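There are 2 protein chains.
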Amino acid sequence: MAYFDNAATTFPKPDCVYQYMDEFYRKNGANVGRGRYGLVQSTEIMVKDTRTRVADLLHCPAKQVVFEPTATIALNIIIQGIIESGAVNIYISPFEHNAVTRVLHHYDESGKIKMYQLSVSTELQYDFQRIRYQFDSIRPDLVIVSHGSNVCGLVSPVEEIFALAKRYGAVTLADMAQTAGLVDCNVGLESFDFAVFAGHKTMYGPTGISGFVMNSDIKMPTVIFGGTGYDSANQDMPESLPERYEMGTLNIAGIAGLNAALRWIEERSVDWLWEREQENRERLLEILQGFDFVKIVGNYEGCKYVGIVSCLIEGISSDSAGGIFSQGGVAVRAGLQCAPLAHRFLGTYPVGTVRFSVSNFTCEDDFGILKNVLENIRDNL
Amino acid sequence: MAYFDNAATTFPKPDCVYQYMDEFYRKNGANVGRGRYGLVQSTEIMVKDTRTRVADLLHCPAKQVVFEPTATIALNIIIQGIIESGAVNIYISPFEHNAVTRVLHHYDESGKIKMYQLSVSTELQYDFQRIRYQFDSIRPDLVIVSHGSNVCGLVSPVEEIFALAKRYGAVTLADMAQTAGLVDCNVGLESFDFAVFAGHKTMYGPTGISGFVMNSDIKMPTVIFGGTGYDSANQDMPESLPERYEMGTLNIAGIAGLNAALRWIEERSVDWLWEREQENRERLLEILQGFDFVKIVGNYEGCKYVGIVSCLIEGISSDSAGGIFSQGGVAVRAGLQCAPLAHRFLGTYPVGTVRFSVSNFTCEDDFGILKNVLENIRDNL
Chain R
1 MAYFDNAATT FPKPDCVYQY MDEFYRKNGA NVGRGRYGLV QSTEIMVKDT RTRVADLLHC
61 PAKQVVFEPT ATIALNIIIQ GIIESGAVNI YISPFEHNAV TRVLHHYDES GKIKMYQLSV
121 STELQYDFQR IRYQFDSIRP DLVIVSHGSN VCGLVSPVEE IFALAKRYGA VTLADMAQTA
181 GLVDCNVGLE SFDFAVFAGH KTMYGPTGIS GFVMNSDIKM PTVIFGGTGY DSANQDMPES
241 LPERYEMGTL NIAGIAGLNA ALRWIEERSV DWLWEREQEN RERLLEILQG FDFVKIVGNY
301 EGCKYVGIVS CLIEGISSDS AGGIFSQGGV AVRAGLQCAP LAHRFLGTYP VGTVRFSVSN
361 FTCEDDFGIL KNVLENIRDN L
Chain S
1 MAYFDNAATT FPKPDCVYQY MDEFYRKNGA NVGRGRYGLV QSTEIMVKDT RTRVADLLHC
61 PAKQVVFEPT ATIALNIIIQ GIIESGAVNI YISPFEHNAV TRVLHHYDES GKIKMYQLSV
121 STELQYDFQR IRYQFDSIRP DLVIVSHGSN VCGLVSPVEE IFALAKRYGA VTLADMAQTA
181 GLVDCNVGLE SFDFAVFAGH KTMYGPTGIS GFVMNSDIKM PTVIFGGTGY DSANQDMPES
241 LPERYEMGTL NIAGIAGLNA ALRWIEERSV DWLWEREQEN RERLLEILQG FDFVKIVGNY
301 EGCKYVGIVS CLIEGISSDS AGGIFSQGGV AVRAGLQCAP LAHRFLGTYP VGTVRFSVSN
361 FTCEDDFGIL KNVLENIRDN L
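Residue numbers (this note's numbering), protein chains in the order written: chain R, 1 to 381; chain S, 1 to 381.
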């Protein structure tokens, strides 16, 4: 199996991730914040160390790292919380995932918010002049940007967008599910209020551990309630961070895996991983572009991309093409990839695309298998 | 370390849990429902198999198993969903955890619901005559019962309570965080609408995987929104189960661990595990009762208990006592155990108790260490 579905979850993980997750959880399986004995302490030290490593990775030591089981839950906590705080005018990039748009749609339906799309050219350039005009006309309360599109891989200029949004007093939220650990980004900048990460994607950790970093000054109501192993008599969620948003039992095994993954990234550096990903993306593009029935979607000069490439296969629906690749031993993701808005913008709605995504572990064998399947498709056209 | 904090999370897990989690995740790390290739299929088969095993364990093959990262999130999805559906009069047992009461408190504060406590005698007997009177006076919309108290271990007669609640047309919810896999309970009965399980407690699975079973006929709005790898064009959450409530990436490593844990339980049987837990509880009580400064809380004849025993140490605050046990190498949980309501009912609020909880793996060595620490406390009184 040549695995080109790393945007869904990176696979395989570095060996140290599997190893440490198993080793740590076997030895230290206790529940954090819920006792004072040795096992709890060793687990708490590991969790705290993981928080520090996440903050270091994103250059935001002064911000609060909050763990959640999934990026989806992290996005719900933030978006619902900020809307419950009174945000009405919400701007999003054209590339948002359903984890963002379905939350917004719920509030949009009830008339509680108004949604606007940031102005981006057909060649995927953010049009700052028009965005300024948009913000002048209707002041943004919340600006959400998918840092790396899970459909076409576009890296959005989130620093510039947020710097502008801050001049209008908006709260800012970067969805870094496809970029944390891969694209070097200074989340420590004051213009970043929230940044969501997915532990099991570009961070090479296991499933079940994700989260967000936040500007600790922001006051936001909670939308999920529960025990925090702390301040138990209080029937309101505690004010203290991260407990306020970290209800229930933390995924200890998952955090251990993420800890090992972060150490693995540190040993290599984000820049090195980025370079390697670019090489793999170039190789992927080279192969795909060698077949004239493959039409690459949303790939323009002057744009920056993570290792995600979407394409159409001429004469074959994306869904059928997905099946053909799969039968040929190439793991891809066909369809709308949970991001219908992005496909509307790219002109591939409702058929969707066939998406290929690489990781640090994509190798020449994988590319060879992909090339074979493409040659077979060509020969059978 | 003698581990008596199994109510927080069972530790250790059966060896097969660690082993299968590692082995499966190394080989099959793909994201369920998000592609059609081989790795996804093998993962889907394992996830489906785990659903079947959960349903079998709880005797409810006709009900829907929904995975969530934590029991807290499961409880939020259900309680918030049922309240958003219009439930106003909500009855709870006196033993509910903050994962229930903090959710209710949020709606109670805004005047959206009214909360009532089911009538239970000081000797922990549910008073069905008075409960009938309560239901006659104010009709229940939702009845929530903690099946096993995480403070004193009391097993509530949830079948009888729900049978009565159903005569008044209430929706019923059992919090089985301390009982699933340990107390044989027929969740297949029509009177059970929802039952929540915590994979990492009495089910011996890893952290990061829990969920609920539900009566599929119930229509309930969603409170967390996101991608489901399915019906992506739809900006509403899909109607189909379990996708409607299973947004975001499933914890594959965690589900694999739970799968192994369920097979381990099946090989032994719930009844066998219950017997073994009762033996360990008896041994624990015998030791604690050998010291007259130990006052056991909420332990009455004619009641049924899981292996959780709470006590007060005369002359020492629960918090300090927790520290002494910890220093002596005995892992316990001191304080309110995230269940202040239960402590109010038991008369141990706000000081809380020292809680000891056993598992299938608690052994004579553990009891020996506990006995030593108690002797040291006695000698220093």
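Incorrect hints may appear among the rest.
One copy or two, either will do: identical chains are not told apart, so a pair holds if it fits within one copy or between any two.
Said to hold, decoys possible - Quick list of in silico lysine-lysine cross-link-like pairs, BS3-like style, CA-CA up to 27 Å:
hint, residue 1, residue 2
1, K371, K27
2, K112, K304
3, K304, K27
4, K295, K166
5, K27, K166
6, K295, K114
7, K219, K304
8, K219, K295
9, K114, K371
10, K112, K219
11, K27, K219
It is worth saying that the hints were derived from the structure and are not from the lab.
Owing to the predicted nature of the structure, the values given are computational and were not obtained by experimental measurement.
Cross-check of the supplied hints:
1. Proximity of K371 and K27 under a CA criterion of 27 Å is satisfied inter-copy only: 24 Å between copies versus 45 Å inside one chain copy.
2. Neither within a single protomer nor between protomers do K112 and K304 lie at most 27 Å apart by alpha-carbon distance, with minima of 35 Å and 49 Å respectively.
3. For a Cα distance limit of 27 Å, the shortest separation of K304 from K27 qualifies neither inside one copy, at 43 Å, nor across copies, at 33 Å.
4. When the C-alpha separation of K295 and K166 is checked against a cutoff of 27 Å, the pair qualifies neither within a copy, at 38 Å, nor between copies, at 59 Å.
5. In the homo-oligomer, the alpha carbons of K27 and K166 never lie at most 27 Å apart, since the shortest distance is 46 Å inside one protomer and 45 Å across protomers.
6. Taking the shortest Cα distances, K295 and K114 never come within 27 Å of each other, neither inside one copy (35 Å) nor across copies (59 Å).
7. Taking identical chains as interchangeable, the C-alpha atoms of K219 and K304 are never at most 27 Å apart, the minima being 34 Å within one chain and 44 Å between chains.
8. For the homomeric pair K219 and K295, neither the shortest alpha-carbon distance inside one copy (47 Å) nor that between copies (43 Å) is at most 27 Å.
9. In the homo-oligomer, the alpha carbons of K114 and K371 never lie at most 27 Å apart, since the shortest distance is 46 Å inside one protomer and 64 Å across protomers.
10. When the C-alpha separation of K112 and K219 is checked against a cutoff of 27 Å, the pair qualifies both within a copy, at 20 Å, and between copies, at 23 Å.
11. Taking the shortest alpha-carbon separations for K27 and K219, neither the intra-copy value of 38 Å nor the inter-copy value of 43 Å comes in at or below 27 Å.
The structure fails to meet hints 2, 3, 4, 5, 6, 7, 8, 9 and 11 from the earlier list, while all remaining hints are met.
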